[in-house]
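S.K.: Those sequence lines, one after another, are chains W and L. For the first sequence, counting from 1, position 88 maps to 88 in this note's numbering; every step adds exactly one. For the second sequence, counting from 1, position 257 maps to 257 in this note's numbering; every step adds exactly one.
Each hint should be verified, as a subset may be incorrect.
When chains are identical, the list treats them as one kind, so a pair holds in a single copy or across two.
[Claimed, not checked] In silico EDC-like cross-links for lysine to aspartate or glutamate, where the CA-CA straight-line distance does not exceed 20 Å: (1) Lys188 / Glu110; (2) Lys54 / Asp95; (3) Lys51 / Asp150; (4) Lys188 / Asp112; (5) Lys268 / Asp3; (6) Lys16 / Glu42; (7) Lys188 / Asp229; (8) Lys51 / Asp83; (9) Lys54 / Asp83; (10) Lys15 / Asp229; (11) Lys48 / Asp215.
These are calculated hints, taken from the structure and not from any lab test.
Protein chains: 2
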Amino acid sequence: MTDFSRLSLNSATTKKWTLAQAVEGCVAAGIPAIGPWRDRVEEAGLDKAAKLIKDAGLRVSSLCRGGFLTAPDAEGQAAALADNRAAILEAVALDTRELFLVVGGLAPGERDVVAARRRVADRLADLVPFAEENGVRLVLEPLHPMYAADRALVSTLGQALDLAVPFAAEAVGVAVDTFHVWWDPELKAQIERAGREHRLASYQVCDFNMPIAADALLSRGYMGDGVIDFQAIGTWVRDAGYTGDIEVEIFNQEIWDADGNTVLETVKERYARLVLPYV
Amino acid sequence: MTDFSRLSLNSATTKKWTLAQAVEGCVAAGIPAIGPWRDRVEEAGLDKAAKLIKDAGLRVSSLCRGGFLTAPDAEGQAAALADNRAAILEAVALDTRELFLVVGGLAPGERDVVAARRRVADRLADLVPFAEENGVRLVLEPLHPMYAADRALVSTLGQALDLAVPFAAEAVGVAVDTFHVWWDPELKAQIERAGREHRLASYQVCDFNMPIAADALLSRGYMGDGVIDFQAIGTWVRDAGYTGDIEVEIFNQEIWDADGNTVLETVKERYARLVLPYV
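Let the sequences and hints guide you as you build the complete structure.
M.R.: So, in structure tokens, the structure goes:
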């Protein structure tokens, strides 16, 4: 019997499903955890979403996502802080400690990445006390450098760990999403460091499909369909002491168009064969 | 009068031009240097190409490109070494010291980036003596991580400098191509290091256009059309002591389809306004 006890479905993988359908799908497939996106939670209503997941006996591995902290103006910054505080409370309501942050890119017309990154650090400092009061960890997710301009100016695990330094490990963690970090020559060393610094908050898996999709956001694939070495990365994550949930998060038009239950079967098969043996 | 004395046209920018046309275009535009690709040189014939450029009074800022060093089998490795030795001799014939290397990606079906990178280091060690005998510098070009799988498993300037460590600065250098490295949080520090270690062999400029083109290779743009901060990067390159040529290398279908002389005028205008003031 394959052990699926650490497998979690990130709701973006079955994009067309409502939260209720995703929960039902997980239960039917024997997947014990879910990582919902906030739009799906909002659609269901927060209290109803929390009850739905709890009644089904699922864990919430993380909440996706807060962030977008790079607004240069006071109004934009206030709005970002308000939205992230709301996300922290949603994480509490959903009974997860881990709130993903995609930190945001350049402001419109801006080219100064150094200044934009400084604003990320400043907003993080603004948010941490509220996160700590609520027992939620802000999880910095380095995104692939191809998304640096418009989505996340945190592009490497080392950079995420550097940003986290001023804060307690319980307050600011980091995520390893294989799609975003597989290419990084520092990956092994930085995963080891994340373990040492007790900040490894999430392991997300999917593959990096080649050639890159025309919409670069959708180049994620089932584990095994792309170029990623899940044995190497899984081993590094395991050796760093990570024992938490493993989320499968795939943005891929073909997978989104497929039947959700069939998608979960493929996810389980690939997880069992390519991920689980090494974690 | 704008000083174009360091401007060089990388021949890929005017892709449809033969080498003779590119040389003629440079002379007409007052661009004193050219960085030819090997296919354009081969097309013209090596001796003829060298004479053509010399007779026109142009410098050759670099030769693009050798590399593709990651073959896993003896036959592929021998072929790669033979091709790179030929490229070294072509650089000599063209009277340039700088031979760009795009190191190559994963072998077909391969997922072990650590092993593939080790092969890059091994082949580099094989090539360096021949490069040194011929007075040619092998210039490691970090490519944007979106090309890691299929083009270059050297993705950051720091990694290129690490690879260069075993070799003399005259034998192995590094390139800063703004498109590939602008996002790197370590960029300033690694450009400083490249200067200290006397390995800064080329500064190539073009912009990073957003959204990323459907063919991710073609997302390069004229300086000013994308997100890159040429003031910051130019200043870092200058402060690192770089005084060599500045090549403009743009892969962009719209620019390729345009009239070459008009392209050179735009290149000069953007260079004068956005690049030159900081270098």
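S.K.: Indicate, hint by hint, whether the structure satisfies it.
M.R.: Verification of the hints:
1. Lys188 / Glu110: between (33 Å within a copy, 18 Å between copies)
2. Lys54 / Asp95: within (9 Å within a copy, 72 Å between copies)
3. Lys51 / Asp150: Classified as neither; 35 Å inside a copy, 46 Å across copies.
4. Lys188 / Asp112: Between. Shortest inter-copy distance 13 Å satisfies the 20 Å Cα cut-off; intra-copy 29 Å does not.
5. Lys268 / Asp3: Close inside one copy (10 Å), not across copies (62 Å); limit 20 Å.
6. Lys16 / Glu42: Within one copy only: 15 Å inside, 53 Å across.
7. Lys188 / Asp229: within (12 Å within a copy, 30 Å between copies)
8. Lys51 / Asp83: neither (22 Å within a copy, 65 Å between copies)
9. Lys54 / Asp83: neither (24 Å within a copy, 62 Å between copies)
10. Lys15 / Asp229: neither (26 Å within a copy, 36 Å between copies)
11. Lys48 / Asp215: The answer is neither: 34 Å in one copy and 43 Å across copies each exceed 20 Å.
Violated hints, in rising order: 3, 8, 9, 10, 11; the structure is consistent with all others.
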